[in-house]
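A.B. asks: These are the residues of each chain, in order.
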Amino acid sequence: MVAAPVDQVRTLYRTLLVYTAISILILVAGLVEFAYFEPAGQHTGLKATITGVFQYDPTHNTTTGPDRNSFARTMLFAAVVDWSSLPKDLVVDARWYDAFGNIVGSVGPATPDQLTSQMIVPVKVPPGFQHNLPGHYVFVVERYEGGVPVEVIGRRVVLVER
Amino acid sequence: MALATRAANPRQRRPPRYAIAIGIAVALILVLVASSILNYVYLDTVAGRTSLYGLLAVALTALGTFIGVRGFDRDPVQRRKDFIRAGVLLGLAALLWLLLIDVFIFTGAAGPGVAAICALACLPTTAFGLWVVRRIDRNEKEPWRLVLVAAAWGAVVATSLVIWAESLWQLIAIRTLVPGPGLDVSTAFSAGILEELAKGSAVVLLFLVMRNEFDDVVDGIVYGAAVGLGFNFMESVAYMTNLYAIFQPEGVGSYAAGFQWYARQVLGLFFGHATYTAFVGAGIGIARQLPDARRKLIAIAAGFLVAIAAHFSWDAWLTLFPIEKTAIGILEIHLRTLVMTGPFTAAVIALLLLGLHIESQALGDQFRKEAARGSGAIMPEEVSILMSPWQRFQQRMRALSRRGLRAYFLLARLQTAQIDLAMERWHRERKEVDMPLEAEEELRRKVVALRQQLAA
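If you're matching them up, the sequences are chains A and B in order.
First residue of the first sequence? That's 1123 in this note's numbering, and the numbers climb one at a time after it.
First residue of the second sequence? That's 27 in this note's numbering, and the numbers climb one at a time after it.
To be clear, the hints were calculated from the coordinates, so they are not data collected in a lab.
Keep in mind that this is a model prediction, so the values were computed, not measured.
Take these hints with a grain of salt, some might be off.
Computed from the model, here is a short list of chain B residues facing chain A with C-beta under 7 Å [unchecked claim]:
#1 207
#2 272
#3 373
#4 375
Just so it is clear, CB atoms sit at the ideal spot from N, CA and C, and this is done for glycine as well.
Let the hints inform the model, and build the full structure from the sequences given.
C.D. replies: The following block contains the structure:
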């Protein structure tokens, strides 16, 4: 009895299936990572009061002018947060992210009481640059649990124009 | 297969796969139209306007592809005209799209000159990539027209398909997710899924419409990589011009654009999109040769899944390999690409080598069987020459030196026709043809006619 020749296309098919198994593991790892940093059931309904985003004077650490949604790249700006609106037992922080996802300003994490002296959260110009880089900047106030930010309780998006 | 002659294939009815192809094409066009309108109405971004105005380029690409594909079923004179028309339309579409990018996205900030320089800088590297990708199919190179069509689809159609979806995904994610790794993973899923589906749709259409030119896993990898290279070209131009506009006021615009060029057009030329979409092509190429529908579907889905995972892993975990802003950073950039995308590229090369090995063995077997048949299409002494690309080249060079350029080209056509015949025999033996046996007889007659021309 002569054995039938092995169809080598099946070897290709099986190799592809092995790759697929590894790929599924990769995608599952991605989902697990997503679930870890975006845990389900963390919605508390809390809202941090972001008073606004204003032009910033770094010399006097004050804000000026009206609440704005866009700034020229030569303008410094900062968000103002009313920490007193939050429960005292929370651990929170506030961060600015630039268009590349880099953190360009932050306070905390700490309790709202500890942050009352840091109501103004300015955007810092990246080292080596004269002005802010253009693009959409995201400001978030985050609630922490287990040392990890688990919920955004305040958010503003502003545009730095080209 | 280069020969699907009119006389050999006088079908009154087209295979069902054409209907599937038309369905996919119509769905893609509807998605494009919907995306453009959605972008324009709801996002009102520059990209939205580009997408809307870009519909003309998309329509030209679709029309060019249709005319080009239709040409294969026509007589040689009409076919040539159709190909010229298709080439002109595709060229216009590509130029129009570049123009739109220049005018509507970046001209205001970077200027059309910078955009033109960026596009020109990416052309030679992309052309080199396409040349290499086409060369790797050492037994039967795919026609340039299809390789270029694949690249054009990657550059124009696939990019258009993903603009709205990625914009929308990003818009929702930024407003709902916690910034940081979770958001990064979400963005990576968006890029992996949407971009690979958009690029892969071009390979699926080629598979459905150009079955005669889509033989196996090797062809799939070639077409997939070509689509990826086209996509990479347009993405490179977009990133280079955008970053130039962002960083130029700080005096480092050229550096930013130059870095993008190196990262995407040199370091990432084969390691990025070309590798990802090659997996889609590999899946479809393997499906081409599987006997039953269930495994065909599994193979196609598997190709997409591997491509999505490869793309996802780069985008999601790029930040795990931070680059220092020192001289050692240059080394780190290369190592990062090698470590993160290298395994996927190696995996696709493994499929390619195995595919080439299978193809070579099968062709050798068919050369011998055809020689033994005594039809005169393939002589026994030609078998060893036909099996080796190097020996085929040497034979053509001998013809060139002895009898001039005409003999060289005639011999090249003869060799191609002989390989086509062997390929056709292979597919028939494996029951993978949806054409009647007359096609094989026609190929045989074609080979004999070419041999007589060469001998004259």
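A.B. asks: Each of the hints needs a verdict: does it hold here or not?
C.D. replies: Now for the hints, and whether the structure bears them out:
1. Contact between residue 207 of chain B and chain A, as hinted, is supported at the beta carbon level, the nearest pair being about 5 Å apart and thus within 7 Å.
2. Evaluation of the residue 272 of chain B hint against chain A yields a held restraint, the C-beta minimum of about 6 Å falling below 7 Å.
3. Annotation: interface hint on residue 373 of chain B holds; nearest CB of chain A at approximately 6 Å, less than 7 Å.
4. The interface hint given for residue 375 of chain B is broken, as the beta carbon of that residue sits about 12 Å from the closest beta carbon of chain A, more than 7 Å.
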